[in-house]
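Visitor: Position 229 of the sequence shown, counted from 1, bears residue number 251 in the numbering used here, the numbering being contiguous throughout.
Rather than coming from a laboratory, the hints here were simulated on the basis of the structure.
Heads up, a few of these hints could be off.
Derived lysine-lysine pairs resembling DSSO-like cross-links, with alpha carbons at most 27 Å apart [said to hold, decoys possible]:
hint, residue 1, residue 2
1, K238, K209
2, K190, K171
3, K181, K171
4, K190, K177
Computed from a prediction, not measured in an experiment: that's the story for all the values here.
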Amino acid sequence: MAARTGYTHVNGLDIYHEVHGEGEPLILLHGGVTGIAGIEPLLPGLAAHRQVIAVELQAHGRTGDSDRPLSFDAMADDVAGLMAAIGLERADWMGYSLGGGAALRAAIRHPETVRRLILVSTPYARDGWYPEVLEGMAQLGPAAAAGMKQSPFAKLYPKVDWAVLFTKLRDLLEQDYDLAGEVTAMKAPTMLAFADADAVRPAHIVEFYGLLGGGKRDAGLDGSLRPTARLAILPGFSHYDICTAPALPELANSFLDGQF
23 MAARTGYTHV NGLDIYHEVH GEGEPLILLH GGVTGIAGIE PLLPGLAAHR QVIAVELQAH
83 GRTGDSDRPL SFDAMADDVA GLMAAIGLER ADWMGYSLGG GAALRAAIRH PETVRRLILV
143 STPYARDGWY PEVLEGMAQL GPAAAAGMKQ SPFAKLYPKV DWAVLFTKLR DLLEQDYDLA
203 GEVTAMKAPT MLAFADADAV RPAHIVEFYG LLGGGKRDAG LDGSLRPTAR LAILPGFSHY
263 DICTAPALPE LANSFLDGQF
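All chains should be modelled from the sequences, with the hints used to inform the complete structure.
Guide: Okay, structure coming up:
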């Protein structure tokens with residue numbers, strides 16, 4: 023079945039979104055720079071079991087930009103506003119990297135909209151990234167954007183101002199944050215998924231899982247003492263190709279269906 027596509031005007035932006043499949047709704051958010059194209063490998067496996075609403079965030083892909091800076095809070099508000107505009111009160115949310123940051127803020131700012139939450143390659147604090155990754159983020163800007171003109175994304179997204187997007191991403195990613203307190207207060211059942219060679223430090227991954235109640239004790243012989251949170255480490259992948267992991271949609275579907 024072909025995806026249903028369209029734009030919805032929310033918070034001064036024309037937000038592009040696609041609807042794939044039928045069933046229980048899942049908001050799906052992409053990582054930085056790439057738009058929905060970057061998470062396209064996830065769509066068949068997810069849409070075979072549920073209705074996936076894939077959204078392109080501010081200044082990404084086919085969604086417009088405005089004079090406001092990029093912020094995780096604003097992106098969370100935009101997607102929550104989109105849900106309200108299309109008549110969707112509650113959904114599961116799944117976000118990768120930048121989109122995971124927006125989904126995490128949605129669970130904090132708009133908990134009534136989040137049934138279950140999946141965060142892929144997403145830290146809860148800025149220092150969760152390796153130092154060299156933070157250094158790379160600081161190099162974003164017009165010079166780094168110049169190469170995008172020869173990339174496949176330039177043809178796919180001809181309206182994107184890459185210099186502006188890279189500058190806004192740099193300004194966003196250099197801001198410090200630590201959501202430990204907010205994470206411990208979240209109510210939505212949450213699954214964390216990371217690659218075994220992720221850009222997020224393993225110690226931070228364990229800390230994140232601990233904030234969600236995981237890793238505190240043995241689950242017991244029958245598993246009855248296991249936490250609500252789930253942690254998946256996908257072997258053989260990195261931060262940059264984790265969305266191509268065949269096991270990721272399978273794990274996501276099982277978690278969203280309450281099977282583990």
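Visitor: Of the numbered hints stated earlier in the document, which are not met by this structure?
Guide: none
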